[in-house]
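> Each protein sequence line maps, in turn, to chains A and B. Residue 1140 in the numbering used here is what sits at position 13 of the first sequence, and the numbering runs on without skipping anything. Residue 1133 in the numbering used here is what sits at position 6 of the second sequence, and the numbering runs on without skipping anything.
Bear in mind the hints are in silico, worked out from the structure with no lab data behind them. Do not rely on the hints blindly, as some may be mistaken.
As the list makes no split between identical chains, a pair holds if one copy fits it or if it spans any two.
[Unchecked claim] Pairs of lysine-lysine, DSSO-like flavour, derived with a Cα cap of 27 Å:
hint : residue 1 : residue 2
1    : K1219     : K1256
2    : K1219     : K1180
3    : K1180     : K1256
4    : K1220     : K1180
2 protein chains.
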Amino acid sequence: MKIYFAGSIRGGREDAALYFQIIEFLKSYGEVLTEHVGDPALTNVGDDGPTDKFIHDRDLEWLNASDVIVAEVTTVSMGVGYEIGRALATGKKVLCLFRPASGNNLSAMILGCDELSLVYYSDLAEAKKAIVEFLN
Amino acid sequence: MKIYFAGSIRGGREDAALYFQIIEFLKSYGEVLTEHVGDPALTNVGDDGPTDKFIHDRDLEWLNASDVIVAEVTTVSMGVGYEIGRALATGKKVLCLFRPASGNNLSAMILGCDELSLVYYSDLAEAKKAIVEFLN
Chain A
1128 MKIYFAGSIR GGREDAALYF QIIEFLKSYG EVLTEHVGDP ALTNVGDDGP TDKFIHDRDL
1188 EWLNASDVIV AEVTTVSMGV GYEIGRALAT GKKVLCLFRP ASGNNLSAMI LGCDELSLVY
1248 YSDLAEAKKA IVEFLN
Chain B
1128 MKIYFAGSIR GGREDAALYF QIIEFLKSYG EVLTEHVGDP ALTNVGDDGP TDKFIHDRDL
1188 EWLNASDVIV AEVTTVSMGV GYEIGRALAT GKKVLCLFRP ASGNNLSAMI LGCDELSLVY
1248 YSDLAEAKKA IVEFLN
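Just need the whole structure built from these sequences, with the hints factored in.
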């Protein structure tokens, strides 16, 4: 199984350590195409490719090649929203994970969308549980 | 012409007054379906509909009914990213307007995307110029 993990890069790296842990868990279920999203060395400058066009085209290719998308949507990110929108438009299965304790206002485009699975969680154990249920 | 204007709501309302001015200008070219995005009374609570599902489904219907999308992408917004992703997936023409002076890091998903038109601007006059060129 090919898994596309989506998390904030230029929108802010507050949750980078959590992305890393989720990706490590996802790797027990398949190939995570976007493993770099959890790299602690990757900052909000977002230099995860030689050019922005390279990053966009690579990520879109990975998105189209993936079987499922798992998105951590707590940190507000234009790119994560874009990826979710494009994935749903091609009928992909999308799991969105959100931590209400963050105090962030989640977009109505995510909260009100019937085409995706949205799970609220508070810690890694709950995130793992949601992922297991989603993948099974 | 039906125009879908996309701007941040729950991601932050710092640019709400600017959205209003852009929408007023767009109205001289056609019907702006999302005129409420510029409403100064609309806060980042994002209560622009009775439920999130209502907001999502209404906005997606408007997006699909629109001829062009004009998105102000300076304030980071999950919903705006989602709308751009869905619009491009159905072949819509999208103009993204960004103010570099904000100091925000624009997503590589926007910066590196060949399928949309991206214009940097500094004030309303430059935004209007970009809109005129895009619509003609």
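> Hints numbered earlier in the text: which of these fail when held up against the supplied structure?
Those not satisfied: there are none.
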